[in-house]
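Participant: Input sequences plus hints: build the corresponding full structure.
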Amino acid sequence: MPPSCALAGIYRRAPLALLLADARAAGELAPGVADTVGPLLGDPVAMGDAVAALRRYSLVTPDGDAVLVHRLVQAITLAQIPSDAAGQWQQAAAALIEAALPGDPREPSDWPAFAALLPHAQTALDLTSNGMWRIASYLGESGSYPAARDLFQLIADADTENDAKGAEHPGTLAARHNLARWTGAAGDAPGARDQFAALLPIRERILGAEHPGTLATRANLAEVTEQAGDAAGGRNQSAALLPIIERVLGAEHRDTLTTRADLAFCTGAAGDAAGARDQFAALLPIRERIQGAEHPETLRDRHELARWTGEAGDAAGARDQFAALLPIIERVLGAEHPGTLTTRGNLANWTGEAGDAAGAHDPVRRAAAHH
Amino acid sequence: MRPGPTTRYAALLPIIERVLGAEHRDTLTTRADLARWTRKAADDVDTGVN
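Sequences listed follow chains F and C, in order.
For the first sequence, our numbering gives the first residue as 1, with consecutive numbering after it.
For the second sequence, our numbering gives the first residue as 1, with consecutive numbering after it.
Treat the hints loosely; a few may be bogus.
[Stated by the list, open to error] Within a straight-line C-alpha distance of at most 20 Å, the following computed EDC-like cross-link-like pairs (lysine to aspartate or glutamate) qualify:
| hint | chain 1 | residue 1 | chain 2 | residue 2 |
| --- | --- | --- | --- | --- |
| 1 | F | K165 | F | E204 |
| 2 | C | K40 | F | E353 |
| 3 | C | K40 | F | E204 |
| 4 | F | K165 | F | D126 |
It is worth saying that the hints were derived from the structure and are not from the lab.
Facilitator: And the structure:
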């Protein structure tokens, strides 16, 4: 049996081209594993030969850039690895997955690679690893809010119980920050507000009052304060934070721009729709220049500009902006991302507010007329 | 031929319910919006608007 079977045996659908693309993982491999796996890294020809050998034994079936491994083959292969080598193979699998995971979970173009690696990461990576952190962030950014919340809960718990970290380690506090963030996104704004409020004094004490992590917790606390129903409180918190975050991170740092967006949103929610519209109109060109026209945060600002254009009295303008935005958001984030669904809801609402309550030739209108 | 708010909300509701869950605040808002625009469309028909 070719030894590379043992590696493939860990997976069901193994995205080999992705896992073996990066030769830098070679340094992480134990000597016994490095002899087998090392030559395959970054060498598509050697990988092709290895897959061909596995196919001759009917152990794998090619599937695009991946191979499919039957669960029985998987179980038997695993059982045949000598126990002293099992740890080395497990560590090799983790190293390859870690190296293959993209760097920025906020970048939608990297989401397909995260999706392909997700089941393997959940099997092979340690909760306290950098790769598991990126997986958890990917889950949240791509719209699986409860899954992101639950994984950051596990990461925060593992960090707290880890002797090398403990409850007040900066990494543990960062995990708790993300737990609070995805708790809010999953629908529990008061719970998220309470978590951020409990975390803030600890981050201030451990990291310092002007550390970027502390400022991020303040920014998120302001945001969920508004979401929990206190718009004026959120606005005041954002307004107090903005000059500090501008001084510490710079006027065009993405976190500064996000705090400006929070302030604009809270301004609108507290009753000044025209003010919110004007703030988003001023922010949008900067965001487009710094982060690109189709970055999710740029699209969120466009969404808010459309919304506050409507709230300030121009329903037809809001409708037209949402109609132009929807296909872009749908393409970038995917058809079922919560951000896409919210945009669809707003397009529906502003279509109605613009005076087209029933819609031209709308079948539901005819149905409604009979009830 | 342009779909109105009721059609748009009726298509959206089952998706948002599946993605976010039946009791997420955005699902509940969508449900309320669908009811509001359905009522408005019916009222407009009754009062001869459009």
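Participant: Evaluate each hint against the coordinates.
Facilitator: Evaluation of the provided hints:
Note on K165/F and E204/F: the hinted pairing holds, with a Cα-Cα distance of about 18 Å set against a maximum of 20 Å. Between K40/C and E353/F the CA atoms are separated by roughly 11 Å; this keeps the pair inside 20 Å, and the hint holds. For the hint linking K40/C to E204/F, the alpha-carbon distance of about 51 Å lies beyond 20 Å, and the restraint is violated. Our distance criterion of 20 Å between C-alpha atoms is met by K165/F and D126/F, whose separation comes to about 14 Å.
When the structure is compared with the earlier hints, a violation turns up for hint 3 alone.
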